[in-house]
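These protein sequences, in sequence, are chains A and B.
Position 156 of the first sequence, counted from 1, bears residue number 156 in the numbering used here, the numbering being contiguous throughout.
Position 94 of the second sequence, counted from 1, bears residue number 94 in the numbering used here, the numbering being contiguous throughout.
Honestly, the hints are just simulated from the structure, not real lab data.
Just so you know, not all the hints are guaranteed correct.
Not the full set, but computed from the structure, chain A residues with beta-carbon under 8 Å of chain B [to be verified]:
{"no.": "1", "residue": "S181"}
{"no.": "2", "residue": "R186"}
{"no.": "3", "residue": "N189"}
{"no.": "4", "residue": "A258"}
Reference excerpt, derived from the structure (chain A facing chain B, CB under 7 Å, subset only) [to be verified]:
{"no.": "5", "residue": "T178"}
{"no.": "6", "residue": "K182"}
{"no.": "7", "residue": "Q256"}
{"no.": "8", "residue": "A259"}
{"no.": "9", "residue": "F260"}
{"no.": "10", "residue": "R331"}
{"no.": "11", "residue": "S334"}
{"no.": "12", "residue": "L335"}
{"no.": "13", "residue": "S337"}
{"no.": "14", "residue": "L338"}
{"no.": "15", "residue": "M340"}
{"no.": "16", "residue": "I381"}
{"no.": "17", "residue": "H389"}
Label-pair ranges, simulated between beta-carbon atoms [what the hints assert, rightly or not]:
{"no.": "18", "chain 1": "A", "residue 1": "E174", "chain 2": "B", "residue 2": "K57", "range": "41 to 47 Å"}
{"no.": "19", "chain 1": "B", "residue 1": "E107", "chain 2": "A", "residue 2": "R496", "range": "30 to 36 Å"}
{"no.": "20", "chain 1": "A", "residue 1": "D419", "chain 2": "B", "residue 2": "P28", "range": "38 to 44 Å"}
Small disclaimer: the values here were computed from a predicted structure and weren't measured.
Beta carbons: idealized from backbone N, C-alpha and C, even for Gly.
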Amino acid sequence: MSNQAKTRTVEEINKKIRRGDAQVLTAEEMKRLVEESGVEVAFKEVDVVTTGTFGAMCSSGAVINLGHSDPPIKIDHAWLNDVEVCHPGAAVDLFVGATNMSEKQPFEYGGGHVIEDLVAGREVELRATAYGTDCYPRTSIKTTLTKDDLNQFCLLNFRNGYQRYNCAVNSSEEIIYTYMSKLLPRIRNATFSGAGELNPLMNDPDYETMGMGTRIFLGGAQGYIIGEGTQHSPKNLNGTLMVKGDAKKMTPEFLQGAAFTKYGTSLYVGLGVPIPILNEGLAKKTAIQDSEIFTDIVDYSVPRRDRPKFGKVSYKELKSGSIAVNDKKVRVSSLSSLKMAKKVATTLKSWINEGQFLLTAPVERLPTNTVFKPMRQTEEIPFVVSVMHPAVTCTEKEPIQAIAERIVTKSVNHIVVVDDAGKILGIVTSWDITRAMAEGKKALADIESRNVITAKPDEPLEIASKRMAQNNISALPVIDIERKVLGIITSEDVSRLLGR
Amino acid sequence: MGRILIRFSEEKVSEPIASQIIIKYKVPMAILSAHVNSKGGEILAEVPDDMEEKIVKAFRERGVEVTVPKLIEVDNEKCFSCGSCIALCPVEAISLDRDSTVQFDKEKCVGSTCSICVDACPARAIKSVKNGAKKS
């Protein structure tokens, strides 16, 4: 390429790779070069930028062909190391999903681990049953297999490499275990995922160089992008990739089974895309830095599709180890491995430098205009807010006599005790009042319950109803995030609506 | 500072043994974690190195079990340095080094009495070791 040229092609770059004089930088190195020498110089000097990410990618799996047994079997149900696997096609094709869990060790061992074990060359046990047909008479089989015994062992991941992801926190009073890992109560920690400025899609956000047919690093071997991933949402920088590759050639270092307590199993996938620097625009795009990539801080304690947010945060802040949430310092850690993401990018760089990896131009680029829609629901489920009604309240200063009268005049069983700002202090039931009369107690403080079990307005009613049953109580005050009383729901309200 | 794990049986837990020893030996004992109820208890404490032997002996003479706690065990083969554990650690014993590798500071870690990181490890690389070797 002459110094004046404003573009270069994938063919020109491949020629240089074959000659051994292509200039390849990792995304990290590219950012430094652009910062020091500017976009123009970077474009002139650099042919390829390698990216990388290594994170839990639940929508991963492997297609396996077992070959035929004698007599042959048309598998109906199958298990690999006690993990039930799908049999989506003909007689002996299986799909091992990363999140399918072992029946003997659920939450600890799953499809992701089966894939890792096979990739590592370890033996796995196959059990299968069938109903038997004239052409496939056999009804059960048990055997052990390694990857060498399989005809095809193809990693087929329908959603990998999320361009960026949420930062998760938990504002509730209890620890929650999520796919974003363990979240401590009252926002005492935060988690995030993704490689930020090293992420493949983030370095080519208009998908100029990526699409079906792009050769990539996948699980320690060469693989391919085969299209947009599921839930691909390019307009808000949440692009994803669908990828495949020959798992027989992959390495367990870049493909590791994982277990998330009380959530389930998954697969950590190492994925890297080489970005050919075809024009100055790509040199500029690959210079993107963590400080320019933002994501939402999301409250995972609210079990809804649209969870409340606590503002935005950059990947630079996320990688610093602490962020500010509501002006409070919160320690944050990553679920994906930055160390391994860097290793993906440097390994891919060395493959290209050694001439083992040639670039491909996509046959069809990833779409830039698709949207990720919510599920169409034909049945609405009720939420707390739909049955909540105003709570009858009192203050701690009021005499029990006045409260007893209010229970009668308002015809309720529960009175919520609030402070001057309307924040919840306790709850008193008609039973508490009866007991106070019997025991001659005069002060409200002696009879009210202070550890009040509450509900939030946007919770599904089903969850609030379960909480009532578990605690053997018949009403839940509904409060907002500042603990102000918004209303109350009772077990009668619930049974009227849910019919139980 | 040396770290000792003091275990009180149901019979001993009601006696003010720790206070007696602190007063008698004037030992500046830092309590790192404590789980105590009427059925017994466990205190992880730090004592100055030059007093450790004396303090361990004093507890044992009063019928209290003292061990030098084994911390958590990390399987470096399994750990892929995601770092999920880092922000959970109450004593900031876990960090990423310059190489983005997860490092455990065994001096800071309060070990099996905490174990908050154990079930948060997706690689299941962290194990809590309940019974440490006894220090003679």
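query = Does the interface hint hold: is L338/A within less than 7 Å of chain B, judged Cβ to Cβ?
reply = holds (4 Å)
- Going by Cβ atoms only, is A259/A closer than 7 Å to chain B? holds (6 Å)
ask   = Do the numbers back the hint for A258/A, that is, is its least Cβ distance to chain B under 8 Å?
value = Since chain B brings a Cβ to about 4 Å from A258/A, closer than 8 Å, the hint holds.
Hint check: 7 Å Cβ-Cβ cutoff, S337/A to chain B
holds (4 Å)
Next item on the list: Let me know if the C-beta of R186/A comes in closer than 8 Å to any C-beta of chain B, holds or violated.
Entry: violated (14 Å)
Query raised in the report: Would the hint on S334/A stand, with a C-beta cut-off of 7 Å toward chain B?
Result: With Cβ-Cβ at 5 Å, under 7 Å, it holds.
Checklist entry - Against chain B, with CB atoms and a cut of 7 Å, does the hint on F260/A hold up? => result holds (6 Å)
* **Given hint S181/A near chain B, where the shortest CB pair must fall under 8 Å** => holds (5 Å)
* Tell me if L335/A is really an interface residue toward chain B, meaning its C-beta lies closer than 7 Å to one of theirs. => Status holds, d = 5 Å.
| task | Double-check I381/A for me: the hint is only fine if its C-beta lies closer than 7 Å to a C-beta in chain B. | result | Cβ of I381/A sits 31 Å from chain B, so the hint is violated.
Check: Under the criterion of a CB-CB separation shorter than 8 Å, is N189/A in contact with chain B as hinted?
Finding: holds (4 Å)
Is the interface hint satisfied for K182/A? The criterion is a beta-carbon contact with chain B at less than 7 Å.
holds (4 Å)
This entry does not satisfy hints 2, 5, 16, 17 and 19, going by the numbered hints stated previously.
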